[in-house]
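So the sequence shown is residues 1 to 169, counted in the numbering used here.
Worth flagging that the hints you see were computed from the coordinates, not collected in a lab.
The structure presented is a predicted model; accordingly, all values stated were derived computationally and were not measured.
Any given hint could be a false lead.
As the list claims (entries may be wrong) - Have a look at the derived ranges for each label pair, beta carbon to beta carbon:
1. P93 to A11: 23 to 33 Å
2. R127 to E151: 17 to 27 Å
3. Q145 to D107: 44 to 54 Å
Note that beta-carbon positions come from the ideal geometry of N, C-alpha and C, so glycine has one too.
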Amino acid sequence: MLALDVRDLLARPGSARSVHLDQALEGLRTELADVPADRPVRIDLRLESVVEGIWATGELAGEMRLRCARCLTEFDRGFDEPVEALFTRRPDPDAEEYQLSEEGEIDVEPLVRDVVVLSMPFAPLCRPDCLGLCARCGGDRNLGQCSCPPEAPDPRWTGLERLFQDRTS
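Let's have the full structure, built from the sequences with the hints guiding it.
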């Protein structure tokens with residue numbers, strides 16, 4: 001939990017303040033990406049009191065460890081994501097709203113988790129031209145050609161191949 005006391009903002013509608021934190025977050029991971037606990041996320045927010053509650057804007061920045069979807073090599077990549085969210089006493093589950101407690105606190109951890117996880121790439125690549133692994137021996141084709149013989153073409157495509165050769169000759 002990353003609770004911030006906002007009673008002072010709620011007492012003065014229209015008031016605002018900035019919050020700057022470096023926070024380590026546990027358990028931010030997917031199959032091919034994670035934010036290690038030893039790499040804190042920089043949280044820069046501007047909290048503003050509005051009629052509905054607290055409006056938070058700002059950005060999150062940090063570094064995530066990724067595993068290439070083609071060759072499984074681990075590499076690091078930075079992220080810098082914008083943040084916009086409303087904290088209200090009765091959040092709408094269909095909108096991007098978060099809970100504002102009766103005690104006048106907001107927990108920004110769910111917001112941070114949502115933004116960071118959504119910034120994780122679905123299929124990260126160590127580089128755009130990554131060749132991946134050999135399907136037969138598992139060798140990393142980025143390091144060089146393996147000794148596996150070339151795959152025989154599927155005989156179902158021979159008619160199409162002949163048509164292509166006829167058009168190019």
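Hints versus structure:
1. P93 to A11: 23 to 33 Å: Check passed, 28 Å falls within 23 to 33 Å.
2. R127 to E151: 17 to 27 Å: holds (24 Å)
3. Q145 to D107: 44 to 54 Å: With a Cβ separation near 53 Å, Q145 and D107 satisfy 44 to 54 Å, so the hint holds.
Checked against the numbered hints above, the structure breaks none of them.
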